[in-house]
Amino acid sequence: MIPIGWFFGLSVVLFVLGVIGFFVKRDLVTMFMSVEVMLNAANLAFIALAKAAGSPAGQVIVFFVITVAAAEAAVGLAIILLVFRQKKSIRAEDMNLMKG
Amino acid sequence: MGVFLFFLLAGSCVGGVLGMILSRNQAHSALFLVLAFTCLGGLFGLLDAPFIAAVQIIIYAGAIMVLFIFVIMMINLEKGIAPEKKRWTLVISAVLAAFLLAELSLAVRGTTGALGRTGGETIGSPNELGRLLFTDYLYPFEITSVLIIAALVGAIVLVKRREKE
Numbered sequence: 001m002i003p004i005g006w007f008f009g010l011s012v013v014l015f016v017l018g019v020i021g022f023f024v025k026r027d028l029v030t031m032f033m034s035v036e037v038m039l040n041a042a043n044l045a046f047i048a049l050a051k052a053a054g055s056p057a058g059q060v061i062v063f064f065v066i067t068v069a070a071a072e073a074a075v076g077l078a079i080i081l082l083v084f085r086q087k088k089s090i091r092a093e094d095m096n097l098m099k100g
Numbered sequence: 001m002g003v004f005l006f007f008l009l010a011g012s013c014v015g016g017v018l019g020m021i022l023s024r025n026q027a028h029s030a031l032f033l034v035l036a037f038t039c040l041g042g043l044f045g046l047l048d049a050p051f052i053a054a055v056q057i058i059i060y061a062g063a064i065m066v067l068f069i070f071v072i073m074m075i076n077l078e079k080g081i082a083p084e085k086k087r088w089t090l091v092i093s094a095v096l097a098a099f100l101l102a103e104l105s106l107a108v109r110g111t112t113g114a115l116g117r118t119g120g121e122t123i124g125s126p127n128e129l130g131r132l133l134f135t136d137y138l139y140p141f142e143i144t145s146v147l148i149i150a151a152l153v154g155a156i157v158l159v160k161r162r163e164k165e
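First to last, the protein sequences are chains A and B.
Per the numbering used here, the very first residue in the first sequence carries number 1; after that it's consecutive.
Per the numbering used here, the very first residue in the second sequence carries number 1; after that it's consecutive.
Please note that a few of the clues may not be correct.
Unchecked claim - Beta-carbon label-pair distances, calculated as ranges:
#1 B:92 with A:64: 28 to 38 Å
#2 B:94 with A:54: 34 to 44 Å
#3 A:75 with B:73: 15 to 25 Å
#4 A:89 with B:87: 21 to 31 Å
#5 B:110 with A:98: 35 to 45 Å
Keep in mind that the hints were calculated from the coordinates and are not lab data.
Here a beta-carbon is modelled for each residue, glycine too, at the ideal position from N, C-alpha and C.
Input sequences plus hints: build the corresponding full structure.
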């Protein structure tokens, strides 16, 4: 049987990879994908802890996280589309409307 | 068998995320991410969460990534965006990521041994999860529906083109 600590370690690695992706990539869509990776790393930690605690409550939380992520993806992608229509670009450094 | 499955799924999950980061093409990034999320669904299955595994594959690898691919199709950049040119930002992000990894590892190091192993009694059967959702977590469940309506309406209102006056 697999130690649950391994799943926890994998969750840490996935979260760090998501952070790296968010820093390194320069287009909004892939940065957004990196955020999804971080959300999924948190989900994996939740499920692993639910198994360790022997209670399905952690799985219910993950269910809610997935629902919120779906809503967030819909609104976030709509915003990205809107930004692309206005600026004809999705590079993060072109988003400088608020720059003084 | 279980350990082999874990390493197979974990390896392809991490590989998928790495492919997402390293690939120039956004459509390829999205497909790599589908691979990673599907493998994560398998890992959820290993952790005794069959319902969440199915939800992960249907909603994440299915619905959300289709949304991403649609947006990539509409944005339609012919060639991908080159990765960061400035060397120092890469160095700084690598250092920060290493610090974050060290910090998180330190934080979870003491706990991982105490977590036990998979197997044992079954938790999280769809029956049990459904009962929890409609009893203990009824209010969050209902509020989620409001959230989804709000997101739906918000997305439509945001993207709708204004009619020419």
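Tested hints:
no.	hint	in the structure
1	B:92 with A:64: 28 to 38 Å	holds (35 Å)
2	B:94 with A:54: 34 to 44 Å	holds (39 Å)
3	A:75 with B:73: 15 to 25 Å	holds (19 Å)
4	A:89 with B:87: 21 to 31 Å	holds (23 Å)
5	B:110 with A:98: 35 to 45 Å	holds (43 Å)
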